[in-house]
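Sequence lines, in order, name chains A and B.
Numbered according to my numbering, the first sequence spans residues 1 to 461.
Numbered according to my numbering, the second sequence spans residues 1001 to 1484.
It is worth saying that the hints were derived from the structure and are not from the lab.
Worth double-checking, as some hints may not be accurate.
Derived coverage of chain A by chain B (criterion: at least 3 residues anywhere in the stretch with Cβ under 8 Å from a Cβ of chain B; other residues may be distant) [stated by the list, open to error]:
| hint | region |
| --- | --- |
| 1 | 46 to 52 |
| 2 | 63 to 76 |
| 3 | 371 to 385 |
Between beta-carbon pairs, the in silico distance windows are [stated by the list, open to error]:
| hint | chain 1 | residue 1 | chain 2 | residue 2 | range |
| --- | --- | --- | --- | --- | --- |
| 4 | B | Gln1004 | A | Pro301 | 47 to 55 Å |
| 5 | A | Glu138 | B | Asp1276 | 21 to 29 Å |
| 6 | A | Ser120 | B | Gln1004 | 27 to 35 Å |
| 7 | B | Pro1026 | A | Thr96 | 33 to 41 Å |
Chain B is faced by these chain A residues, among others (derived, beta-carbon under 8 Å) [said to hold, decoys possible]:
| hint | residue |
| --- | --- |
| 8 | Leu34 |
| 9 | Thr96 |
| 10 | Thr100 |
| 11 | Ala119 |
| 12 | Asn123 |
| 13 | Ser180 |
| 14 | His368 |
| 15 | Ser455 |
Just so you know, even glycine gets a beta-carbon here, dropped at the ideal spot from N, CA and C.
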Amino acid sequence: MKDRILQTLHDLRRYAREKGYEVSLFFHVEDSYLMRFANSAISLNTNEHLIRFEATAYDGRKRASYEMITNLDDVEALKTGIDTAAEMVEHAMPLTYEPTIPVLPETFIDESNWDAELASVSNEERLAYFNTAVKGLETEEIRLSGIFSNGTNVLAHTNTRSEHAQYFQTSDAQITAVLSHERLKWEVSAGQSAQRKTDLDPQALRAELAFLVKHYREDPPQQLPLGNYDIVFGPAATADLVRIMNWIGFNGGMMKRGYSFLKEEEVGRQVLSPLFTLTDDPTRRETFPFRRDFTGIERKPFPLFERGVFKGFIWSQDEADEFGAQPTGHTVMHNSLVMAGGEMAVDSLEELVAQRRENDLLYVPFLHYMNIVNPSQGVVTASSRFGALLLKADGSIAIPYNVRLTHSLKTIFGENLAWLSRKTVPHNTSSSYGARNPTAVIVPRFLCVNDLAISHSNDSF
Amino acid sequence: MREQLRREIERLKSLGATYVDARWYPFEEQNYLMMWNGNLKVTDASRESGVGVRVLYRGAWGFSASSDLSNLRALFDKAFDNARIAAERVTFPVRLAEKDALQASFESPCRIDPFEVPLEEKVAFLKAMDEKLNQPGVEQRTGDLNFIRKQIVFLDSEGSEIEKRITEVFARLRVSGRDEDGVSHVRTFTLGRRGETRGWESMDMEYFAEQAERIVREMNQVRTAEPCPKDDRAVILLPGIMYLQTHETIGHALELDRILGYELAYAGGSFVRLEDFGTLRYGSEKLTVRADATLPNSPGSFGYDDDGVPAQNNLLIDKGILVGAITGRQMVEEANARARRRIFEGSSGANRATAFYRVPIERMTNINIDPGTDGTLDDIVRNTERGIVLDGERSWSIGSNREQFHFAVEIGWLVEDGQISRVVKNATYKGDTLKFWNSLSAVGDESTWEVKFVDNCGKGQPNQVMQLGHGVPVCRFDNVRIGE
Ligand SMILES: [Zn+2]
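Taking the hints into account, I'd like the entire structure generated from these sequences.
The following block contains the structure:
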């Protein structure tokens, strides 16, 4: 596959140069498998083999793109795609800045994130994984839902100014398992993110589900009174909050457009809690990293927050061109966000539940349907879901109905941040919109925020 | 091609498949342009073609799709293999509701094909709008145009052959600016249904210019306004937010696959239970809701769904009582069996896929609220003692069973003693779905009714983005928490 793609890029580049075009050429190839479960059955078993090709043509300050889903054999169609982009750019309107066409410094091929074993997991293995993960936990009323999504993702690109090409090949798997009670309507879930086949651990998933199911079956449900709570977030919730920060926080373009809660003058200042350290770290394989960006810049760990001090904005090439900033190696499909752990020796749900405590703790593993109420204030809203627990000061446990939280990221990661687990875990944040783009965020296993208000409290599951 | 597809369908039938269908997209084209502060940031066009194959075997689905049409046999075999393994874990064997096998075609109404319009003309349109939006107080201004054109050929093992040609036009203008505290405020105009057709003719320069002027004016009013108070008041929702309220807390809640638990791994479930059909008081007597895929000229009207079932106009809520759902052939059979009564007479024709490489699932068509008898917007305001008029979505977040919601809107106008008093910024409202719809106290007449287009409804895994519509009047709800 690699040689064929690189050869095709080479041929297409030569074609474009002969025609006198200024273009960049981009292949995205995915081999995706998805087994979906619902009502304890396989509700969908699907695979997609898709080759996307994008040609972006430049003419001074003008730029236009043409994208197609195609196959590699059809070189004539690919050439027509390039012609179309070149024709479109003639009629485009000049930008107020000149977009950079990068000269790639060398041929860069990164297959280190690809594991042939994971990429070729079979239908039978996907099913066996799930059968192990929920063994003995399903009943007539407790039903399994979930996904096992895995695949290979290839990105390859070059342009008419570069003699070299870059090629990235990644394997990934995202697993979510949900057990829900058909009549009572409670839901618990557990997830796994894998970059190699050896990351798959259905027994660990089973243990987590079994622990939650036990409590959901035995402990009393409760509507929480409105008010303030000390809230412990699980990895899915924390990863979602960090994902939002990636969007309306340290992104330079968003800041310039007024859609960030961080300001230029805050660089170098204490903005968040001293417990909060966040890095874009492409050395961590669990994040499906890009070790070069699409302009050829070598990506190194990039500090975003160090002990709460804001270290700086990230700039993609295009935003840097537009706003006169220096690109920071962030012209990529996703970053590799790693939040540092803390000091608290609480590494598993069992340990959290067993921990001695003076106040009630509300455990919120998952935040459903997070949206941004106000980007320049960093205010987000979401509801709890999937396996929340009220850990009472007296050691007993209640099962809370879902609640809504509406808060600023500066509150959650700022002065109210109480403690973080020392252990960190990857949480898979891939969406299945459009082209495959495996992403994961590394976050502390638990993170506790004191004195957060809940603004809405459901009266049933 | 059709002949080959028919042959492959027959071959899988002879191998034991109970049902097979193929959706062949000879082409799907898209043209997306986005101008940001005078910069044409995105000038994109795309084209894709391919086939998606769905196979039912021993009560389980298998699906496979490819853009490579050189080996159809392998593609059909792969779909069949996927069904065979799925058949190892079946709890309710899939059955499909009866339908007629149709030879039919559908074409969406379009006068001027936007793909025949030169790029320069589209760019000039955006440029003209950008100049209109470039006014004092405006810091960020964007305009975007999204055109879609596709041909879909559907064939199934029951003898259906349906061809569709669909053209979509979506357009949006947006401005934002900051208040004295540096907080951003936005105001948006989104093109909805105008006239009998949608094509380049929808891009009426004069109409867009009026809308551009309005959103600039209103954004500047919001920018300098006082914050929305925290209060319990009557909220009067204009169509620009009413459509989303309907979408999120009626539309998604009434998708039958969600109700049956097929979306629990991701999007969530629904507070609605099968025993609720025919009895649940969803809203006040003023609320009548329908799924109307026969509404002329809307993305939610597509002739035939991806099960090959004709578009229908069905009641969902009749004078406040829940009576129907958004359904396809599979889910109605399962729902009737699970409920041990015949709730649904057949598919409501709402099973759709976003692309050849995605499997059809229950999707909204046009989820519309019937106009009421409470007069014009002015009449409703005049009859409201303490209220707030709200418009434009900023943020929406809904509970996983669609049981509660929180919306932030672009603009609010406080109402005191039947009069608009002033504009407020950062307006939000929230509530419990059933309590909220039961507090519906006024429904505007035809003059307030508009059809809004939605181009970005996401659902399913792998995720599918769908186009649809909502015809909604102005509505008033009593005693709603705002400003929180
Ligand atoms: Zn939606």
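Now the hints, each set against the structure:
no., hint, verdict
1, 46 to 52, "holds (count 6)"
2, 63 to 76, "holds (count 10)"
3, 371 to 385, "holds (count 11)"
4, B/Gln1004 to A/Pro301: 47 to 55 Å, "holds (53 Å)"
5, A/Glu138 to B/Asp1276: 21 to 29 Å, "holds (26 Å)"
6, A/Ser120 to B/Gln1004: 27 to 35 Å, "holds (29 Å)"
7, B/Pro1026 to A/Thr96: 33 to 41 Å, "holds (40 Å)"
8, Leu34, "holds (6 Å)"
9, Thr96, "holds (6 Å)"
10, Thr100, "violated (15 Å)"
11, Ala119, "violated (16 Å)"
12, Asn123, "holds (4 Å)"
13, Ser180, "holds (5 Å)"
14, His368, "holds (5 Å)"
15, Ser455, "holds (6 Å)"
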